[in-house]
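Visitor: One letter stands for each residue in the lines below.
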Amino acid sequence: MPGTLRIAYKLLVNDRAKYGALLVGITFAVFLMIEMTSLFSGVLSRSSATVRNIGASIWVMDPAVQTVANSIPLPDYVLDEVRSIPGVAFAVPLYSGSALLKLSDGTYQAANVLGLDDTSLFGRPALLDGKIEDVFAENGFIAVKDSEFYKLGNPKIGAEFEINDNRGVIVGLAKVASSGLFGVPTLYTTYSRALQYIPSLRFTSSYLLVEPKSPADIPAIKARVAAIGYLALTKDEFIAQISKFYKFHTGIGTNMLIMTTISFIIGLSISGQTFYTFILENIEKFGALKAIGAKGRDLVMMILFQAGFVSLTGFGLGVGLCALAIWTARLYLPDYAAIITWLNLVLAFLMVLIIAGASSYFGVHKVLTIEPFDIFRG
Amino acid sequence: MKIAIEARGVHKWFGEGDARTYAVKGVSFDACFGEILYVVGPSGSGKTTMLSMISGILRPDQGTVKIDGTDIWDLPDDDLAEFRLRKIGFVFQDFHLFPRLTTAENVAVPLILQDRPWDEAIAEARRDLDVVGLGHRADLPPVKLSGGEQQRVAIARALVSRPEILILDEPTASLDGDTGQAILDFIRREILTEQRCIVIVTHDSRIFDFADRIVQMEDGRLKSIEREKLDAQ
Chain A
181 MPGTLRIAYK LLVNDRAKYG ALLVGITFAV FLMIEMTSLF SGVLSRSSAT
231 VRNIGASIWV MDPAVQTVAN SIPLPDYVLD EVRSIPGVAF AVPLYSGSAL
281 LKLSDGTYQA ANVLGLDDTS LFGRPALLDG KIEDVFAENG FIAVKDSEFY
331 KLGNPKIGAE FEINDNRGVI VGLAKVASSG LFGVPTLYTT YSRALQYIPS
381 LRFTSSYLLV EPKSPADIPA IKARVAAIGY LALTKDEFIA QISKFYKFHT
431 GIGTNMLIMT TISFIIGLSI SGQTFYTFIL ENIEKFGALK AIGAKGRDLV
481 MMILFQAGFV SLTGFGLGVG LCALAIWTAR LYLPDYAAII TWLNLVLAFL
531 MVLIIAGASS YFGVHKVLTI EPFDIFRG
Chain B
9 MKIAIEARGV HKWFGEGDAR TYAVKGVSFD ACFGEILYVV GPSGSGKTTM
59 LSMISGILRP DQGTVKIDGT DIWDLPDDDL AEFRLRKIGF VFQDFHLFPR
109 LTTAENVAVP LILQDRPWDE AIAEARRDLD VVGLGHRADL PPVKLSGGEQ
159 QRVAIARALV SRPEILILDE PTASLDGDTG QAILDFIRRE ILTEQRCIVI
209 VTHDSRIFDF ADRIVQMEDG RLKSIEREKL DAQ
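Residue numbers (my numbering), protein chains in the order written: chain A, 181 to 558; chain B, 9 to 241.
Just so you know, these hints were derived from the structure itself, not from any lab.
Keep in mind that the hints are not guaranteed to be accurate.
If you anchor each label on the Cβ, the simulated ranges turn out as follows [stated by the list, open to error]:
{"id": "1", "chain 1": "A", "residue 1": "H545", "chain 2": "B", "residue 2": "D186", "range": "42 to 52 Å"}
{"id": "2", "chain 1": "B", "residue 1": "F22", "chain 2": "A", "residue 2": "A197", "range": "53 to 63 Å"}
{"id": "3", "chain 1": "A", "residue 1": "G476", "chain 2": "B", "residue 2": "G17", "range": "26 to 36 Å"}
{"id": "4", "chain 1": "A", "residue 1": "H545", "chain 2": "B", "residue 2": "D127", "range": "29 to 39 Å"}
{"id": "5", "chain 1": "A", "residue 1": "L492", "chain 2": "B", "residue 2": "R229", "range": "27 to 37 Å"}
{"id": "6", "chain 1": "A", "residue 1": "T441", "chain 2": "B", "residue 2": "D127", "range": "20 to 30 Å"}
{"id": "7", "chain 1": "A", "residue 1": "Y541", "chain 2": "B", "residue 2": "D147", "range": "28 to 38 Å"}
{"id": "8", "chain 1": "A", "residue 1": "L513", "chain 2": "B", "residue 2": "D127", "range": "24 to 34 Å"}
{"id": "9", "chain 1": "B", "residue 1": "D184", "chain 2": "A", "residue 2": "G476", "range": "32 to 42 Å"}
{"id": "10", "chain 1": "B", "residue 1": "V139", "chain 2": "A", "residue 2": "A197", "range": "54 to 64 Å"}
Quick list of in silico lysine-lysine cross-link-like pairs, BS3-like style, CA-CA up to 27 Å [to be verified]:
{"id": "11", "chain 1": "A", "residue 1": "K282", "chain 2": "A", "residue 2": "K336"}
{"id": "12", "chain 1": "A", "residue 1": "K475", "chain 2": "B", "residue 2": "K231"}
{"id": "13", "chain 1": "B", "residue 1": "K152", "chain 2": "A", "residue 2": "K198"}
{"id": "14", "chain 1": "A", "residue 1": "K465", "chain 2": "B", "residue 2": "K152"}
{"id": "15", "chain 1": "B", "residue 1": "K95", "chain 2": "A", "residue 2": "K465"}
{"id": "16", "chain 1": "A", "residue 1": "K355", "chain 2": "A", "residue 2": "K331"}
What the simulated footprint calls covered on chain B by chain A, stretch by stretch (three residues with Cβ under 8 Å from a Cβ of chain A suffice, anywhere in the stretch; the number is not a length) [what the hints assert, rightly or not]:
{"id": "17", "stretch": "68-77"}
{"id": "18", "stretch": "125-136"}
Quick caveat: nothing in here was measured; it's all calculated off a predicted structure.
Beta carbons are placed, not taken as given, at the ideal position from N, Cα and C, and that holds for glycine.
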């Protein structure tokens, strides 16, 4: 490290009170920014959990569908129409709905029930325990062992429950990539059993899951589906549509944006003000350095280094604190939805860079305008 | 003796038009290597402004300042900063030591600004602290030192890059009489060499005995007077 930066480092960290205040300000701001954006990421991720877990390439739905949880049943002819599209390798129906379970201890528990195509079981989860073919057995259901699993009373294979006056039996335990948003456990069964056990409207298919023969066929499939008045979205498009709904058509996105902005402003004001005070308190020393022979660029580098060092340290502490907070929260709240993504980190990092830049701008301006003559004048 | 500082017709004013106020009016003087020159005068007489102009930190509005033959105000800003760094040592009135650095690190600052390796600069600073009798205080922060010791640290910092010109601004202002005398005695015995010119701005008549020449400033003008006359005043 160049000597001037080493001096800058010592001037900064040896002033423990100021350094501590700067770190607290930036750490707190980073913590809040990442926490807020992570919560939002968690909500968005969970809101499309079914889409991720099922994993179909193309989802066919009613054009009015906004989220995967609010499906609008499709007439049966749509399935036949889609299967007749040349680029479609196969298309299967998916049932997605809610049911009220009566558990063995007599308590009631809402659950999300996914009915998979009887012939292919397309979209089935990976099993932790049991065999997938047992889902065809009488009353067979597979429970997803996610953060909501305990709400089913932590059932083992063979555990029984009631679903709409029908007997249900857990025949397997599965794992999925993502838990749902609404805090209810998930059960998989066959499409036909889902229709049989859960009251349905005239139309029964919540979605059609489609695999194209090749990715190049996707545009044609989407056009053909649109021609019959329905909507075909790729997995990523469906996830994006769900995210868009939660971002712009609920208060969640706005609230998160406001909280993130407030965190940024708090961080900027605390660290900006503290850093500027730090520069002001050392202004005579910087003036003395200038008189001794330090060049303007030496002083600018020193200030940028100080701002950068404290910002990056605060960023690291903030990220660590946030990770610790999320980890701790999950110990006590399995449903806690926060996820730290690369995008969250990059966003917070950019904001920290803005905080460092703004803080150092005023410091640099002050130091560059100090006249060494003032040092002599006292 | 060889001329170290050559000031000719130096003017400095602040403000313009009717508001123009002259701080220094046409001052000319020389200072030589191997001598201690005092610039004395009452507050507001322009001595600090003059000091700033001959040390390359305040541009005169008129006149020239040459140091060892170089017209310093002809130099570009960066070259002038480099010139100050290598040729001129400063001892400020309030010392302006960094409280967050150790004494040795404070002394090493000019060397570090010259891009000398850290360890080498610190080693050299320790040697200079030995010269001023503070080798045993090298690892303490300046706030742990007495006023006289801080003054000696400031002198060591000014000397560490072996400057030809040493400028001291009110070096005894914050010291008691005995300590001030001791510091000036030390400067004359240990610091003054044939290759160095020392300029001291002061209004402390107790230390006039240490000067080779004394020039007095008054209302921005400079007049050279004998030390005996000043003492008599």
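Visitor: Can you give the numbers of the hints that this structure goes against, from lowest to highest?
Guide: 2, 5, 6, 8, 10, 12 and 17
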